[in-house]
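Asks: Below are the chains, spelled out letter by letter.
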Amino acid sequence: MKSLESILGNHPFFENLAPEYLTLITGCASNVKFEAGEFIYRQDEEANNFYIIREGKVALEVCPPGKKPITVQTVSDGEILGWAWLIPPYHCQFDAQAVELTRAIVLDGRCLRTKCVEDHTLGYELLSRLLPVVGRTMEATRLQLLDIYGNND
Amino acid sequence: METTMQSPMTPWPYRIEKVIRETHDTFSLNVVPKDSSRGMTFNPGQFNMLYAFGVGEVPISISGPKPGEQGMIHTIRDVGVVTGALHQLKKDQTVGLRGPFGSAWPIEESKGYDIVIMAGGIGLAPLRPALYALLDQRDKFGEIVLLYGVRKPEDLLFTKEFETWRGKYGVQVKLTVDTADREWRGNVGVVNTLIQRADFDPINTVAMICGPEVMMRFAVSELKRQEVPENQIFITMERNMKCAVGFCGHCQFGPAFICKDGPIFRYDKVKQFFGIREI
Ligand SMILES: Cc1cc2nc3c(=O)[nH]c(=O)nc-3n(C[C@H](O)[C@H](O)[C@H](O)COP(=O)(O)OP(=O)(O)OC[C@H]3O[C@@H](n4cnc5c(N)ncnc54)[C@H](O)[C@@H]3O)c2cc1C
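Chains A and B are the protein sequences, given in the same order. Position one of the first sequence corresponds to residue 1 (this note's numbering), numbered consecutively onward. Position one of the second sequence corresponds to residue 1001 (this note's numbering), numbered consecutively onward.
Derived by calculation from the structure, the hints in this document are not laboratory data. Just so it is clear, CB atoms sit at the ideal spot from N, CA and C, and this is done for glycine as well. Check the hints yourself; a few may be wrong.
Residues of chain B placed beyond 12 angstroms of chain A at every Cβ, according to the derived structure [claimed, not checked]:
#1 Asp-1139
#2 Lys-1160
#3 Asp-1201
Dumping the calculated DSS-like pairs for lysine-lysine here, alpha-carbon to alpha-carbon at most 30 angstroms [to be verified]:
#4 Lys-1018/B with Lys-1090/B
#5 Lys-1174/B with Lys-33/A
#6 Lys-1160/B with Lys-68/A
#7 Lys-1174/B with Lys-67/A
#8 Lys-1140/B with Lys-1168/B
#9 Lys-67/A with Lys-1152/B
#10 Lys-68/A with Lys-1174/B
#11 Lys-1168/B with Lys-1152/B
Make a model of the complete structure from these sequences and hints.
Replies: In C-alpha cells form, the structure reads like this:
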C-alpha cells in the first residue's frame, strides 16, 4: 500500500514540494472515501478540512430557497476541495456532495494552520499553490456569469 | 458552362433531404443540390451562405456528413430572423446556397500531433467534420481530445456520437456545463477548466477552438499556460458577414476578411486583433 506521504507527493497540488514539508503536512493527513450521493460537507458548517482529491467527482451546490439545488462547479481527480479552512470565520460556503465514489486525503485545517503559523515558508508554499486555484475558479465564475452561450453572445 | 459562369453572389437551389431536431433551439438541415452537377465537396471548417427565400441569407458552417455519406449538413441555432425562417423549413423544401467558402481546419498539417478540439455551444458544429476527418485516419494522430462546454445539459449537441468517439476511436471526450441540477452526473464549470483534466503532450499538440469569442480567449490563455505553442492554436472568428467572398468589407478583421481569409485563423497571426472590441 502506498503511504500517505507518497500519495500526497504525487498529487498535482503538492508537485515538487520539499520533502520536509511533505512530511510535515502528512502529519495532518488521513485517508477518506465517500460513496456517490454522500455529503462531504454542508453550507455553513465549520470548515476544518482541506480535501486532496485522488479520484472521483464532487459537486459544489447552492440551494436557493424554494428551488432545487444547483451545481455550480465540480472538482475531480488531481484537484482540491475547500479553502474555507484557511479564511476566518472558517465556514463552508457550499454543499459538497460526491457525485461518484470519491477517494481523497483529508488534511486537518486546524493542524495545517498551526504549522503555517509556526513556519511562514510553509505557509507561503501552500498559499502560492492555493492562490492560482482560487484565481482560476474566479475566472471561471466570471465566465459563467457572462452566460456566454446565451442568445446575445 | 452555366456552372462556372454563375456569379458567386447567386444562390443555388438545394433540396432539404432531412431535418434533424438537435435541441430545443438547434436543428440540422441536410441538403442536396437540385442540379446534380453541383458537387458537395468541402473542407472541414468551411461554411455556406444559406438563403431563406424572401427573408435573407446567413453564414452557416458545414457540420457533416461523415466521409462517404450524401449531402451537406448545417447545424443551426435559431437566434433571429433568418435562422428562425430556416427553422420553419421542412423536408423536400428548397433553400438557397452559396459556397463552400472560407478556410479549413489544419487536418493534414496536424498529422503526428496530439489534437485538442475545444468547442463551446454551437461551436461543435464546424468542428464535427474535423473530428470525422481525424477519425477517418485515426492512426495518423496521437491523442485526440474533445473538450465541449454548453450552458445546460439539454444544450449538448450530437450526444449520440460521443460513445462511438470514445469507445471505437479512443477519443477523450470531456463535457461540461455551466450549471446543472442533480440529475447531471458530469462536470460543471467552464470549458477551459477541462484542459488540465485531459491527457495530451502540450508541445506536440494542435488545438482547434470554436465558440463564443470570450470562451476562446480564455481557452487560448489556458492552452498557453499549459505551453501549447501559439502557432499550433487555431481559432474561428464568426463575426457577421454579408458577401462571403471578400467584396463588401463587412467582416473586416484587422487586415483580414473573415469570410475569405477566415473564419479559421492561426492564433499567432491574429492575436493582436483578437479580443479587441472595435474590430
Ligand atoms: C463563418 C460563420 C459561420 C457560422 N456558422 C454557424 C453555424 O454553423 N450555426 C449557427 O447556428 N450559426 C452560425 N453562424 C452564426 C449565424 O450566421 C448567425 O446566427 C446568423 O447570421 C443570425 O442571423 P439571424 O437573421 O437569424 O439573426 P438576426 O435577426 O440578424 O440576429 C439575432 C441575434 O443573433 C445575433 N447574431 C447575428 N449574427 C451573429 C453571429 N454571426 N454570431 C453570433 N450572433 C449573431 C445578433 O446579435 C442578435 O442578437 C456563423 C457565422 C459565421 C460568420
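Asks: May I ask which of the numbered hints given earlier this structure violates, with the numbers listed in increasing order?
Replies: Violated hints: none; all satisfied.
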